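If you read the sequences in order, they're chains P and C.
The numbers in our numbering rise by one with no breaks, and the one at position 254 of the first sequence is 254.
The numbers in our numbering rise by one with no breaks, and the one at position 451 of the second sequence is 451.
Calculated from the structure, these hints are not laboratory results.
Note that the coordinates shown come from a computational prediction; the quantities given were computed from them, not determined experimentally.
If a hint is listed, it holds; no wrong ones were tucked in.
Partial list, derived from the structure: chain P residues whose beta carbon lies under 8 Å from chain C: (1) Ile102; (2) Gly122; (3) Leu173.
For each residue, glycine too, the CB sits at the ideal point set by N, CA and C.
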Amino acid sequence: MTLETVSLSVAPNVEPSRASASARPFLSLSGLTKRYGATTVVQDASLDVMRGELLCILGPSGCGKTTLLRLIAGFETADAGSIRQDGQEISAHPPEARDFGIVFQSYALFPNRTVAGNVGFGLEVLPMSRADRAARIRELLELVGLEGHSQKYPSQISGGQQQRVALARALALSPGLLLLDEPLSALDANVRASLRDELRALQRRVGVTSIMVTHDQQEALSIADRVVVMNAGRIEQVGAPAELYHQPANLFVARILGEINALPVSSLTGTCVESQGLSFRLAEPLGAGKPGAFLCFRPAAVTLANEGMLAGPGIGARVTATAFLGDRLRLVLLPDEAGAPAITAEVPFPRFGAPPAPGDHVTFGVAPSQLFLLDDHG
Amino acid sequence: MAEVAITAHRPTRQIMPDLTGKALPPVLLLVLGTVTVLPISALLIRAFLGRDGGFVGLDNFIRYATEPGLAVAAWNSTSLSAIATVIVMALAFPYAYALVRTRMPGRGFFRVMALLPLLAPSLLPAFGLVFLFGNQGWLKHWLLGESLYGPVGIVMASAFYAFPHAVLILSAGLSAGDQRHYEAARALKAGPWRRFVSVTLPSCRYAAISAASIVYILVFTDFGIPSVVGGSTNVLATDIYKLVIGRFDFEMGAVVGVLLLLPAVIAYGIDWFARRSQRSMITGKSVPIQPERLVWRDAALLAFACVVTCVILGIIGMAIYGSLVRFWPYNLTLGLQNYERLFTDDDEFRALGNSLVLATGAALIGTTMVALSGWLVARKLGASGVRNGLQAVAMVPVAVPGLVLGLGYVFFFNNPVNPLHGLQGTMLLIMLCTVAHFYTVPHLMAVNELQRLDREIDMAAQALRVRPAGSARRVFLPVLLPTLVDIAGYFFVNAMTTVSALIFLFTAQTRVAAIAVINLVEGSRIGQAAAFAVLIMALSMVATAIQMVLRGLVLRSQSWRRRTT
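Turn these sequences into a full structure, and let the hints steer you where they fit.
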């Protein structure tokens, strides 16, 4: 085997959504179900993953996202459903007969082997010469930026470096599929953000189809081509980050992608929505079909009367709490209307003058285009 | 296209079926079951069979209870073990407290002194006591007319023998507290005494229960001590021997075996429960204890530890002195003639060689089996049913007295129907019995060590298409190596000093040193017996020293364990 054939040439930046429009999915799950005794951990999960895309599975802890990943890897066997990878049915295959690399939250490096020894662990059982193997290891370490650390042991390098080693090790056998199980969760906030962007760039470069499990919505939204939202063993919605953020299928999806105000709707006539004594105006009347039971808007959709023009009459409210977020200010507003719920707002921190303080009275409104109606569940 | 390049040139390798995961667990379970559970079952069954082999229900037990003299032994065993337990706990608790909860000077030295008796056969203190308090003993008048031979001697020697076990358990329990509890107590203005009563005592109550049950069962099932200083006082451990070897009454032997086994099982049940409760009290976030300096307390405990250490050294020293005396008590000239005779007498010399062969063999076989069973259990290989079975079987021996296991071997392997019948009388069977007898502790050591590695390590290896046997060799074996050195040392020292399991199994060809000591006592050659016991202790010390050096070398060769860059 020559160095040429094993090299990871840099992939042209394939736009996965466009490239895959006509192609068959690389990985296809259908009706996947996993039960532990009486509890169903994954229920009837169906999902297509396109070649070269980075898919994030997002959900709260216990939603079944890690189990779904372990089903794809073969560490768990499904009770029902099928998994097809690259056109081949693999749901009955043991993990070692499947084609994937995996990175864990705990790094799971072999403590008694050097960085090079970890990366080369899977290569050592292959029929390849010592020189080829060394070259391959060097290439992988360059890929993750750890050239100078090849002779160190895991306990001698930082958490971020350990996770890069784990990544290089997972890519060593050039797998068709890269599985990432909360790979960044054990890292400090700073390391986490930089490694996240690096991971994304590297995935693009290598072009390997990747599935990453995370409970961090910011992480999912910032690097995924598509996001899968899971809840209680079910897939709630699949879509591009912006699509999910702006058109969530239900309140659960809307909430997991970020904080949201949700007010139960009491009456709806034309574009006018009444909710707990407050009235809002929608951008356009709703089409046919049953409208959602909750009127929803993000804290950032709230505008205060003195910072810009309000569309329609404002709502008078008292500020009950504030939190300083740097360039923005988070407010909890209690409308004057008796029985109205508290509203969370995020407004730009005023450049001049005093910022709103607890006890102040303000008038606020919500941009009609940023209001939507959602149901509790899809 | 990069993706094409990756898939086209993906290195491929034929996937072989994983035999290790499938075949090894059942095979190991079969082997381990054959040397533990099956012989014990043979003994249990025998207790309910008549001489002709027919089922007789509880007849054997009724005969045991009604035959004059037999049931007395059960009472003696029960009461003397209880007295010895109270004495040991009263001494071991302050000693362990001094070791881990004070800033008393010389704590390391006192720890070694407390553990010294572990290296000697249980008979050694008995010899020391004979030379001190026996019929011709120097300090015989201290016993105020009581004879050493009987309850007094059994309790004293047992206390010496069980003391290190209690110190080990109690010091582990006492060192596992949380410093913040003491800081909280101080913040609430609690004085030293109040802190001791309201924080320390409750935190170690489970360790105390655990230590007491272990001590009780050690004394209850020991054979060596009552056979030297028991005199005419019968206890279960000596009765079982007399019934089987003296009267060939195997049925009564089996009954006594059951009577020895039941309390042991109950005591280990209590111990297991106590350990579980103790563990649940310690969280991973506990802050380690930093003992404070209290001059009056530390001084008092130092004096106490000195006295205890003097007693331990005095008893061992007296046994050594007695072994050097030409003919106790008539000719007190010192010399090595007792030792010379051990090397010149063919039988004794062979026994010494046999002991070394047994200890080496048990260390090799035991360490290999423990490495495998520990790996399979800790890394969750094979079918869960088989794996749980393996773990359960590995936990059995700790609750089975050696005498019971040994007698079970007689019933199981001497049965002509058994295809393994050919093993009887061989050194291999004695090795297997020793390995089985001491299996639990090393197995748990291996499991604990291997469980410290992330569960995901195996999955990472699997994803890299490395089979379990491959990751075992390349990752788990190096990680386990220092522990394996300790495990080999544990098997070696125990094989050197144990008597109880082998007393029914030896032949003239396979007799080992510790048993030769008993035979010498029976032949009233007490000086030579003491010399042999001292020699065994010396060999155990050498083995322990080698173990420590070897462990140090292994650790030094594994540079990955060092955190420095």
